[in-house]
Amino acid sequence: MLDRSFIGYEFEPSEVLITRWKITQFATAIRDTNPIYYDLNEAKAQGYRDIPVPPTFFTRMSYSGEKNFYATLGIDMKSLLDGGKEYRYYSQCVAGDTIIYQTKVKNIIEKEGKRGKMDIVTAFTQGKNKETNEKIFDAIITLIVFH
Amino acid sequence: MSEKKLNFKELNEGVELPEVKTNPITRVQLVDYASASGDYNLLHYDESFAKKTGLKGCIAHGMLQAGMVSSYIINWAKGGILKNFKIRFSDVVNENDILTFKGKIVKKYQENNENLIELSVVSKTQENRITSQSSAIFAFNS
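Sequence order for the protein chains is A and B.
Residue numbering for the first sequence follows this note's numbering, beginning at 186 and increasing consecutively.
Residue numbering for the second sequence follows this note's numbering, beginning at 111 and increasing consecutively.
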């Protein structure tokens, strides 16, 4: 059972520069061949300032970036399942933007299911554009941690 | 893939999106996604580790599936701006599974002067196992 004192815990904010190469690598991994992720001219022709990020590109930021989210909360990877995610989008992020993001543990509750007792962890991450201060996204993640 | 923008007036509740079937999700793709996302959980590429946790073999990252579902809707919703995307995972995606995505417009409405549609998407394997259910909201200028 996870330590309840982590409810409300805020990780330090992190910042990251989004690069074209990273976006292209991500699009390749999800096997998305849309040229806007690979070709700057095509992205611009479709109205983007630069190569845009795919919607789930921010996944990595939901776990508080370089700080180890799982180690901090004491989550054993063997007992972990991904319950789901929600993203809200406010403005389009493109290559060249620097994002500042921060994760907060919203809640940890206990439930009982087919595989026995589990903790349901929800965490909330906000991302904004460092230069313009515009909101980019909110991400809400739900993790299932078996006891 | 048609480049023609969708027109809000022509989008109606109940309209189904064309189904899309993925290629088999190979070990190489799982490694690609581990590297692209930074999620190096061994479940996704170390078969002996995956078996120790009681699985049949390697499973796909939940968020790899989410990424593929989001590509499916983005490629359909030409001219739309994605406002919200939500996914709930209901079963594992095993290595070499082929997923079929099937979407539908479930709601058409206006809010804060925006033209909005809500989609629902179900993802199934070749064995008809439902692996996720998603919803998405798009805004259209016209």
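Calculated from the structure, these hints are not laboratory results.
Do not rely on the hints blindly, as some may be mistaken.
[What the hints assert, rightly or not] Cut-off 27 Å, straight-line C-alpha distance, at most; resulting in silico cross-link-like pairs (DSSO-like, lysine-lysine):
| id | chain 1 | residue 1 | chain 2 | residue 2 |
| --- | --- | --- | --- | --- |
| 1 | B | Lys188 | B | Lys162 |
| 2 | B | Lys166 | A | Lys263 |
| 3 | B | Lys196 | A | Lys207 |
| 4 | B | Lys188 | A | Lys207 |
| 5 | A | Lys299 | B | Lys188 |
Which earlier hints turn out false for this structure, listed by number in ascending order?
The structure breaks hints 1, 5; every other hint is satisfied.
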